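Participant: Sequence:
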Amino acid sequence: RQDGERFEDVIILEGEEETVRYEHVRNEKIGFELDYEYESLNRMTGENYEKYVSIYDDAKKPDNYLEVTYSSEKADSTVKTVKTDLSKKYETVKEETWELDGAGQCQRINATGGKGKTARDSLQTVTIIPAGDGCIVAAAHYTIESAEGFGARFSKIVNTLSVINR
253 RQDGERFEDV IILEGEEETV RYEHVRNEKI GFELDYEYES LNRMTGENYE
303 KYVSIYDDAK KPDNYLEVTY SSEKADSTVK TVKTDLSKKY ETVKEETWEL
353 DGAGQCQRIN ATGGKGKTAR DSLQTVTIIP AGDGCIVAAA HYTIESAEGF
403 GARFSKIVNT LSVINR
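Heads up: the sequence shown at position 95 corresponds to 347 in this note's numbering, and the numbers run straight through without jumps.
Watch out, some of these pointers could steer you wrong.
Derived lysine-lysine pairs resembling DSS-like cross-links, with alpha carbons at most 25 Å apart [said to hold, decoys possible]:
(1) K335 to K303
(2) K346 to K281
(3) K303 to K332
Derived CB-CB ranges, DEER-like [unchecked claim]:
(4) G368 to E280: 18 to 28 Å
(5) R273 to S339: 17 to 27 Å
(6) E299 to T333: 14 to 24 Å
(7) R253 to G356: 29 to 39 Å
(8) K281 to R258: 35 to 45 Å
(9) E268 to K332: 31 to 41 Å
(10) S339 to E397: 22 to 32 Å
(11) S339 to E291: 21 to 31 Å
(12) D337 to G298: 13 to 23 Å
Because the hints were derived from the structure by calculation, they are not lab data. Source: prediction; values computed, not measured. In this text, a Cβ means the ideal position worked out from N, Cα and C, and glycines have one as well.
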């Protein structure tokens, strides 16, 4: 698909079938492509990131968003760094091997139970995908109350991610 191409699909969300409208993203600079829900999320593109923010959130301080970046660190090194960073902000940090439809095997880190200045109801799921000499990092930020909504949506979006040009 081409960058910006739009299409529809039916997904199961919160136990219900839902028709979702997607837009295909192809970011040559970061080295990935994915499909995101353009009716639920605003796409924000920066120098070294793509961010998909809930249309209900303040774009400057969102609660529910997915951010995709490239790290020049190898995936295993990035996993250690991310786990260390998340351990400072969250009570529970768990790593697991994960399989994505678009990118194959990767590592996923789930962080729950915010501590300190991090809201206790905030969650984070970080997926680290090997990409050439570095990795793609897809960090989903969402609240407990939106876990079945935005958490599930972000998981479906990340599942479509594939690495290009690496």
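Participant: Would you mind marking each hint as holding or not holding in the structure?
Facilitator: Each hint, compared with the structure:
1. Between K335 and K303 the alpha-carbon distance is near 21 Å, which keeps this suggested pair within the 25 Å criterion.
2. A hinted pair counts as satisfied when its Cα atoms are at most 25 Å apart, and K346 with K281 does not qualify at roughly 30 Å.
3. Among the hinted pairs, K303 with K332 is consistent with the structure: their alpha-carbon atoms are about 23 Å apart, no more than 25 Å.
4. Between G368 and E280 the C-beta distance comes to about 38 Å, which lies outside the given range of 18 to 28 Å.
5. At about 38 Å, the beta-carbon gap between R273 and S339 misses the expected band of 17 to 27 Å.
6. In this structure, E299 and T333 meet the distance hint of 14 to 24 Å, their C-beta atoms being roughly 21 Å apart.
7. Between R253 and G356, the C-beta spacing of about 19 Å breaks the proposed range 29 to 39 Å.
8. For the hinted restraint 35 to 45 Å between K281 and R258, the CB-CB distance of approximately 22 Å leaves it violated.
9. About 39 Å separates the C-beta atoms of E268 and K332, a value consistent with the hinted range of 31 to 41 Å.
10. The hint said 22 to 32 Å for the Cβ distance between S339 and E397, and at roughly 24 Å that hint holds.
11. Between S339 and E291 the beta carbons are some 36 Å apart, a value that contradicts the proposed interval 21 to 31 Å.
12. A hinted range of 13 to 23 Å for the beta carbons of D337 and G298 is consistent with their spacing of about 20 Å.
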